[in-house]
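Going line by line, the protein sequences match chains W and A. Reminder that position 33 of the first sequence reads as 32 in numbering that gives the first Met the number 0, one-by-one numbering, no gaps. Reminder that position 27 of the second sequence reads as 26 in numbering that gives the first Met the number 0, one-by-one numbering, no gaps.
Take these hints with a grain of salt, some might be off.
Unchecked claim - Taking beta-carbon pairs under 7 Å as the criterion, some of the chain W residues facing chain A (in silico):
1. Tyr14
2. Gly43
3. Leu47
4. Pro55
5. Thr73
6. Pro75
7. Gly78
Don't read these hints as lab results, they were simulated from the structure. Values in this document were obtained by computation on a predicted structure and should not be read as measured data. From the three backbone atoms N, C-alpha and C, an ideal C-beta is built for every residue, glycine too.
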Amino acid sequence: MSFCLDTYLQQSEDYEILLAQSTFKKAREIIKKRAKEVIHVKPGEKILGVRIIGVPPVPIGINKDKGTIILTYTKPCNGTAAIELPVSEEDIKQIKALNID
Amino acid sequence: MKKALLLIGCPEAPAQTPMTIYTAYKLRQIGYDVTISSNPAASKLIKVSDPEKNYIQKMVNIDSFIDNLEENDFDLLVGIIHKDAAVSFFVTYYHLLNTKSMAIIFQRDQDLVDDFVEQVKENTDAEIISAKAYHNPTPVRVKVDKALKQLEGEE
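Given only the sequences and the hints, what does the whole structure look like? Please build it.
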């Protein structure tokens, strides 16, 4: 079964919420500040099984040494969060292939 | 029949539900089959407001529906925007659908209206309708009437 971000966030505890209930602009700033590498993807691109919601440029932070990525997570009533979660090297490779920079 | 997707946000702005029902009604009058994309809280307000489905026939979940959304699935995208998250959803749906689009933006704070208008303008070619409004839908309705009349004239 493929990885699904929504299910992961409900069932796991090893992720960190860097920003909650905020705006996309602020989430973009946090990602820039907390990630060693930042790539950009198209709005609606599927990342870890979920379409990423956002306003271009849509950032994905990559901390390869920690084996984590930071992404935005938007819900209509809760605004945008920035979440750092562990991923595999293969996931990082697939995410980097979506880079539009 | 042409297909319109009406994207709505968090239902905490009182003007959203009446504007959703009203806009769907007007779109149907000018020949669109309308689907509403919303979260469960917003859809409950609509279902209670329109129990016999006189105005709203099709509703989908904003999160799951986007998974399989593809270019040209709809002829028109209309977004009701009163929060930052709604801007993000509208811009994302816009980029996936790549179709004629209209953003209906309102908030009680003019700075927020200006910010949302700016973000939509920078990232889409959508027609933008904006008004300072929150409880009272009239300032928005008047502008929606004008925009839909123009849309009808173009078709």
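Cross-check of the supplied hints:
no. : hint  : verdict
1   : Tyr14 : violated, 18 Å
2   : Gly43 : holds, 4 Å
3   : Leu47 : violated, 13 Å
4   : Pro55 : holds, 6 Å
5   : Thr73 : holds, 5 Å
6   : Pro75 : holds, 5 Å
7   : Gly78 : holds, 5 Å
Checked against the numbered hints listed earlier, the structure breaks hints 1 and 3; every other hint is satisfied.
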